[in-house]
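Please model the entire structure based on the sequences and the hints provided.
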Amino acid sequence: MNDIYRCTAHELQVLLQRREITSEEIVDSLLSRIANVDKEINAYISVMNEAALKRAREIDKRRTNGEKLGPLAGIPIAVKDNMCTNGVTTTAGSKMLSNFIPPYNAYVVERIIDAGMIIIGKTNMDEFAMGSSTETSYFGPTKNPWDLSKVPGGTSGGSAAAVASDEAIIALGSDTGGSIRQPASFCGVVGLKPTYGRVSRYGLISYVSSFDQIGILSKDVMDCAVMLRVIAGYDERDSTSVPMPVADYIKSLQDEVRGLKVGVPVEYLGQGIEPEVRVAVEQAARMLMDGGVICEEVSLPTTEYVIPTYYIIATSEASANLARYDGVKYGFRSIAKDSMWEILETTRGEGFGSEVRRRIILGAFALSAGYYDAYYLKAQKVRTLIRNDYEKVFSKCDALLMPVSPIPPFNLGEKLDDPLKMYLADVCTVTANLAGVPGINVPFRLDSNGLPIGLQLQGPPFSEEVLFRLATAIERQSGFKRQLFS
Amino acid sequence: MPTPLIDIDHLARLARIKLTKEELARFSQQLQTILDYFAKLQKIDTEGVAPTTHVVNLNTVMREDVPKPSLTASQILDNAPDKDGDFFKIPPVFE
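For the record, the sequence lines run as chains A and B.
The letter at position 151 of the first sequence is residue 151 when you use the numbering used here, and the numbering goes up by one with no holes.
The letter at position 17 of the second sequence is residue 1017 when you use the numbering used here, and the numbering goes up by one with no holes.
Derived from the structure by calculation, the hints contain no laboratory data.
You may find that some hints are simply not true.
Stated by the list, open to error - Listed next, the stretches of chain A that the computed footprint assigns to chain B, with coverage defined by at least 3 CB atoms under 8 Å from CB atoms of chain B:
(1) 98–106
(2) 303–317
(3) 417–429
(4) 447–457
As the list claims (entries may be wrong) - Within a straight-line C-alpha distance of at most 16 Å, the following computed EDC-like cross-link-like pairs (lysine to aspartate or glutamate) qualify:
(5) 481/A <-> 220/A
(6) 1021/B <-> 345/A
(7) 1043/B <-> 373/A
Model, not experiment: these values are computed from the prediction.
Heads up, the beta-carbon is just placed ideally off N, CA and C, and yes, glycines get one too.
Structure below.
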């Protein structure tokens, strides 16, 4: 079977349970695929060839011995390189950690190991999860499989491109301002950012502690739902982990969407949104209405303030989180100088790329004496108003339908000289992180250049079941076909 | 209030990041442009609004004060750029 790597996780689950295929064959197929294709796409920072095969054989043995295994046992998964994997380099896409080998596993890694899954490799990302295109990685940019001259989006561009080009069956990513949803949209795959607190951040290299969430990139909605059952849950080692029971997401996929109320924020239908994107949202709304969903226009009046609010809070928290990189305990240290202060400044000057340094300095400004009130504190207050807007709309709707990106995938190198322009393209996604609500990208159709346009659904906290129901309805009716990259 | 002027030398020192002369100039300009855009935040009325520090309804999450096994010193020192026995080794902090 040559095209094993084209399968979804749930398809492989059936084949494995029927003994029509082994895990070793799946891993073999995937490793060949990566060897053939990754030199063009650069989705992976490291590939765990021997370790993955060893583990596959071990799981196969357990299965033939009659041991009862979970639904995802024996299935490979790619992990974004900002989640700690014991004994395996974890770089956060940065020179600063290019030689860092964590002595422990992140919570999500423990969970995927417990589930019998096989980590196939660590995927490429914008450095320290700062960016929107996977171009700031120390390990070079990742390309969009739909058009190699275009960006895959970021910061989970490696994970998105890997799933889109069948270099991965399924992948984990992280989302702080859209970093799962936007690359998922650009690459034509499903991408979920769960509710803040749904998935433990223990072992996730921190960027913005009050926004970061780990999530999933997958070939279809069902895989995403199956995977969320594995990684969601309370973890006492993350003090922001919420002790909510984990729902049966798979069961909810079969539930009706008839009667659900979906709001479409008017602020995302006007100026600043590409016409083709706007048309896609309107088409999807009509499609849902044909299925008995009630769609109506709603308003999020604080939309014009979300970018400054996001970037002030994000850079402030980032400047605090990245203060730990000092060349003392781990990671890069610059060539010996006479004093600790010089080493500190040159280590951070050389170890961090320009986008990271820019954001740390902006954060230092927003938190500095004389400016803290006007910037950081002000942004936190506006964050409250944004959350209030969300509470208002969710008192009337079960979910929101909106774009993921106001623009289609852009050319590599196009936005690198204009950081502000890059930031403005985050307008549709940062709100979910500001409000702590879940958001999912569903691939919808291709634009006039043959590039994917995805749609975003957002819901109240812990409403992932509703998002999966609506996403499945869209997936079923859109007719979107993933292309085979060659 | 008018948009403040970025003092890039001061900020680079606060952040303990060494920038080249070219970067000092380029970053200063880019950050100024970004800050000018952020000025729109001053237009929204936040009188009487409480700041959001985090979005979950959890307060002062504690755990039982029970010792548990941790990483060993050797595991921690494995990633050290420079070490001496059980110590991280660094250049002098004071002259």
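Results for each hint:
1. 98–106: holds (count 5)
2. 303–317: Answer holds; 7 residues pass the 8 Å Cβ test.
3. 417–429: This one holds; 3 residues, not fewer than the three required, reach chain B with a Cβ under 8 Å.
4. 447–457: Coverage by chain B is violated for the region 447–457 of chain A (0 residues, Cβ < 8 Å).
5. 481/A <-> 220/A: holds, 11 Å
6. 1021/B <-> 345/A: holds, 14 Å
7. 1043/B <-> 373/A: Status holds; Cα separation ~15 Å.
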